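Enquirer: Respectively, the protein sequence lines represent chains A and B. No gaps in the numbering here: position 119 of the first sequence is 119 in the numbering used here, and each next residue is one more. No gaps in the numbering here: position 197 of the second sequence is 197 in the numbering used here, and each next residue is one more.
One should not assume that every hint holds.
[Claimed, not checked] Computed footprint of chain B on chain A, listed as stretches where at least three residues anywhere in the stretch have a Cβ under 8 Å from a Cβ of chain B:
id	stretch
1	94-108
2	141-153
3	218-231
4	242-253
[Unchecked claim] A few chain B positions that, by computed beta-carbon distances, are all more than 10 Å from chain A:
id	residue
5	4
6	20
7	25
8	43
9	72
10	186
11	191
12	210
13	236
14	254
15	259
16	275
17	323
Don't read these hints as lab results, they were simulated from the structure. No experiment lies behind these values; they were computed from the predicted model shown. The beta carbon of each residue, even a glycine, is placed where N, CA and C say it ideally should be.
Below, each chain spelled out in residue letters.
Number of protein chains: 2
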Amino acid sequence: MTDTRVPFDDLVQMLAAIFLRQGLPEHIAGILAANCAACQRDGALSHGVFRIPGYVSTINSGWGQPEAMPVIDPGDGALIGVDARGGFAQVALDHARALLLDRVRAQGIAALSIRHSQHFSALWPDVEPFAENGLVALSVVNSMAVVAPAPGAAPVFGTNPMGFSCPRDGQPPYTWDQAASALAHGDVQIAAREGHMLPADAGVDAHGQPTGDPAKILDGGALLPFGGHKGASIAMTIEILAAAFTGGAFSAEVDWTDHPGARIPLTGQFLLVMDPSRGGTGFAARVAQLSDTVRAAGQQRLPGDRRHRIRADAQARGVALSPDDLTMLNSYL
Amino acid sequence: MTDTRVPFDDLVQMLAAIFLRQGLPEHIAGILAANCAACQRDGALSHGVFRIPGYVSTINSGWGQPEAMPVIDPGDGALIGVDARGGFAQVALDHARALLLDRVRAQGIAALSIRHSQHFSALWPDVEPFAENGLVALSVVNSMAVVAPAPGAAPVFGTNPMGFSCPRDGQPPYTWDQAASALAHGDVQIAAREGHMLPADAGVDAHGQPTGDPAKILDGGALLPFGGHKGASIAMTIEILAAAFTGGAFSAEVDWTDHPGARIPLTGQFLLVMDPSRGGTGFAARVAQLSDTVRAAGQQRLPGDRRHRIRADAQARGVALSPDDLTMLNSYL
Chain A
1 MTDTRVPFDD LVQMLAAIFL RQGLPEHIAG ILAANCAACQ RDGALSHGVF
51 RIPGYVSTIN SGWGQPEAMP VIDPGDGALI GVDARGGFAQ VALDHARALL
101 LDRVRAQGIA ALSIRHSQHF SALWPDVEPF AENGLVALSV VNSMAVVAPA
151 PGAAPVFGTN PMGFSCPRDG QPPYTWDQAA SALAHGDVQI AAREGHMLPA
201 DAGVDAHGQP TGDPAKILDG GALLPFGGHK GASIAMTIEI LAAAFTGGAF
251 SAEVDWTDHP GARIPLTGQF LLVMDPSRGG TGFAARVAQL SDTVRAAGQQ
301 RLPGDRRHRI RADAQARGVA LSPDDLTMLN SYL
Chain B
1 MTDTRVPFDD LVQMLAAIFL RQGLPEHIAG ILAANCAACQ RDGALSHGVF
51 RIPGYVSTIN SGWGQPEAMP VIDPGDGALI GVDARGGFAQ VALDHARALL
101 LDRVRAQGIA ALSIRHSQHF SALWPDVEPF AENGLVALSV VNSMAVVAPA
151 PGAAPVFGTN PMGFSCPRDG QPPYTWDQAA SALAHGDVQI AAREGHMLPA
201 DAGVDAHGQP TGDPAKILDG GALLPFGGHK GASIAMTIEI LAAAFTGGAF
251 SAEVDWTDHP GARIPLTGQF LLVMDPSRGG TGFAARVAQL SDTVRAAGQQ
301 RLPGDRRHRI RADAQARGVA LSPDDLTMLN SYL
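Make the full structure from the sequences, and use the hints.
Expert: Structural data, given as C-alpha cells:
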C-alpha cells in the first residue's frame, strides 16, 4: 500500500478536529494540530501523527489541564515567566511569543521560563520560527525519569531534549533537536517490538548493568545519557534549567500513577532567544560559511538537511500519510 | 620526590612574577596568575602550572596582543560586547564583570560576547564565581581546528569547551567544564608520549579512518566529537556562539604559521549569566535536592566534587607542586 499525500492545511484541519472532539478549545486544538502536522510534513515521524493516540490517551486520563490557558509573569526585564497551569508548552510559547520578541528586540537577549507544562512534540518547531525571523534560539525540556546518570544507577533524568536554531544566509536555518539520552524512548519501544538489539551503551538493565537489549531496558532498566559522563552533565543541566530554574517539576517527580493512560510529562521548558544583529557581524553569512566549511571537510549532511528536503517535497506533493496512519486518524473522528 | 606545598598567595605571586618578566602589565599578569594558580590549587593540573611554558612560548612568539586592554561595547540592553583586541579572555571578563552583573541584576539575564580573545585555561574559573554570587552561568569558547565533525572528515572544530555553574544550597556550586571533543588535546599528547592507546572512537587518522592510536591522531589526523553526531552538533554550535555570534574567528581560521611557538588560539567566548532569584522558586535548594537524588540513585560522584575536595585540602595544606613543576617555574624567574 502506498502513502496518501494530503495537503498540509487539510492535515492541520483533520488533527484540529480530533483535538476538538477531545474537548480542547479551538485555539489550543489549532496550535497542537499545526505543530503535529509540521512534524509529519518534515518526516519527523516519531513526533508526527504517530503521537495522536498518546495525546488522546493523556487527555482522556484527566492528567494535567490540557484546556488551561497560560498566565504570563511579564516581569520588567529580559526574563519572562509563564505558568502553563498544566497545559501545553506550545500554547504557553504562543501566548508569550509577542512579549518575548519585544524583549529580545529591546535587550538583544531574552528568555522564557515555562513551568507546569506538557510537551509531547519535537523541539525544532519551537526554535526554528525564531531563526526564520533572524534570531538565535536554544531550548530545553525535561520529561520523565527514564535515564540513569551512569551504569549502576537508577533512572533520574528524562530523555531531556535540547533544540537549537539560527539563521543561515542562502540556506534554511541551521537547526538541531536531540535527546540527552543515547536514544529516544520511542526507539527502544520500536526495537523491543521488532526484536532488534541496540548499541551496547544504550541503557542498563534492572540491575544497573549496561545492555543493548531493549526488553531489558524497558523491564525495570533505564536508558543511558549520550556521550557518557559528558552527556550526563548535560542531562542534569537540562533538569536544572527546565525545572529548577522555571519552577517546574523534575523528571523524577512526575507521578501519573493516578491517571492511567497519561503519557505526557508535566514539567517545564526553558527557551533562550538572542538577536545576532546586535553584534553587526554578518552572523547569518558566517553560519553559512561554517556550514560550507563542514560540508567541504567531508560531512555532507548537517542536522536539518533531511527534514528540510522532505518538507520541500511535502510542500510540492502533499504530506505523506500511510494507510495505517489514515485508519488511526479516522478512528478518532 | 614528594610534592612541595606552597601557600596559594605565594603561588599567585610566583606566577605573576613570571608573567611580568614576559613583559605583561601588572594588572594582566595578576589576572592570569590567579587563574592558573586556582587550576593548580583545585587539582585541575592540565590547566595549572603545566600551561606556563605554553603561555611564555606564545607571548614570545608575537602572536596576539597579550598586553592589550579590552574595549567594551556596552550597548543599552542585556547583551554586552567586548573586543579583547588580541588579549586574554579572562582580562576581558574581568573588565566587563561589573557591567555584566549590573545588567543581570536589572534584566534577570545578560550575556557577554567576547571577540578577538585568547583563552588557554579551564572554563570553570570563568563561571563558578557567578554561582558563588547566586547566579547561573554558562560559557563556551572555540579554539583551533583539531576536531573532525565525523569519521571521514577533516578537522574543522576546536575542542570547544563548555562550562556551567549554578548555586546549590549547603554544597559548593554545581559546576562542570568539558570539551566538545572525545578527549582534550593534551590527553592525546600525553598518551602518545607514554605509548597508551585511546578509546577507538577518540579520533581519526590522516585518512579519516577511526583510530585510538594517539600517534596517528597527531600525525595529520584529528579528534572526534564526544557522543557522535550529537556532540558534533554541540561542537558546531559552540563555533556559532563563540565565533559567529561574538564576531571572533572560527577555529578553522586560526593561522599562526607566522608565529612559531604560538599555542593559544585567538577566537571568541560567549558567556550567559542568569539570576535564578527572579523566579522565586528556591532554585539553589532545588539544585541541592536534584544532586541528592542523583547520588541516592547510585552516581556518587558529581562533576566538581573531586576538584572541591582537592581545593579544601590545598586551602589547609597549601597547593601541591611537583619537583619538576618547581624547577620549571624557577627557570622562568
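Enquirer: Taking the hints in turn, state whether each one holds.
Expert: We went through each hint and held it up to the structure:
A stretch counts as covered by a chain when three or more of its residues have a beta carbon under 8 Å from one of that chain; for the stretch 94-108 of chain A and chain B the count is 3, and the coverage holds. For the stretch 141-153 of chain A, the proposed coverage by chain B is satisfied: 5 residues have a C-beta within less than 8 Å of a C-beta in that chain, meeting the threshold of three. With a threshold of 8 Å between beta carbons, the proposed coverage of the stretch 218-231 of chain A by chain B holds, since 6 of its residues qualify and at least three are required. For the stretch 242-253 of chain A, the assignment as covered by chain B holds, since 7 residues bring a beta-carbon within under 8 Å of that chain's beta-carbons and 3 suffice.
No beta-carbon of chain A comes within 10 Å of the beta-carbon of residue 4 of chain B; the shortest separation is about 32 Å. Chain A leaves residue 20 of chain B outside its interface by the beta-carbon criterion, the shortest separation being 34 Å against a cut-off of 10 Å. At roughly 28 Å from the closest C-beta of chain A, the C-beta of residue 25 of chain B stays outside 10 Å, upholding its exclusion from the interface. Separation of residue 43 of chain B from chain A is adequate, the least Cβ-Cβ distance of about 17 Å exceeding the 10 Å criterion.
Consistency note on residue 72 of chain B: stated as away from chain A, and its beta-carbon is indeed over 10 Å from all of that chain's, at 13 Å minimum. Every beta carbon of chain A lies more than 10 Å from that of residue 186 of chain B, the smallest distance being close to 16 Å; the non-interface claim holds. Distance to chain A confirms residue 191 of chain B as a non-interface residue, since its nearest Cβ pair spans about 18 Å, more than 10 Å. With a least beta-carbon separation of about 13 Å from chain A, residue 210 of chain B lies farther than 10 Å from that chain, consistent with its non-interface assignment.
Not every CB of chain A is more than 10 Å from the CB of residue 236 of chain B (nearest about 7 Å), against its label as outside the interface. Listed as a non-interface residue, residue 254 of chain B keeps its Cβ farther than 10 Å from every Cβ of chain A; the least gap is roughly 13 Å. No beta-carbon of chain A is positioned within 10 Å of the beta-carbon of residue 259 of chain B; the least distance is around 23 Å. Once the 10 Å rule is applied to beta carbons, residue 275 of chain B is inconsistent with being away from chain A; the minimum gap is 7 Å.
For residue 323 of chain B, the condition that its CB be more than 10 Å from all CB atoms of chain A holds, with the nearest at approximately 32 Å.
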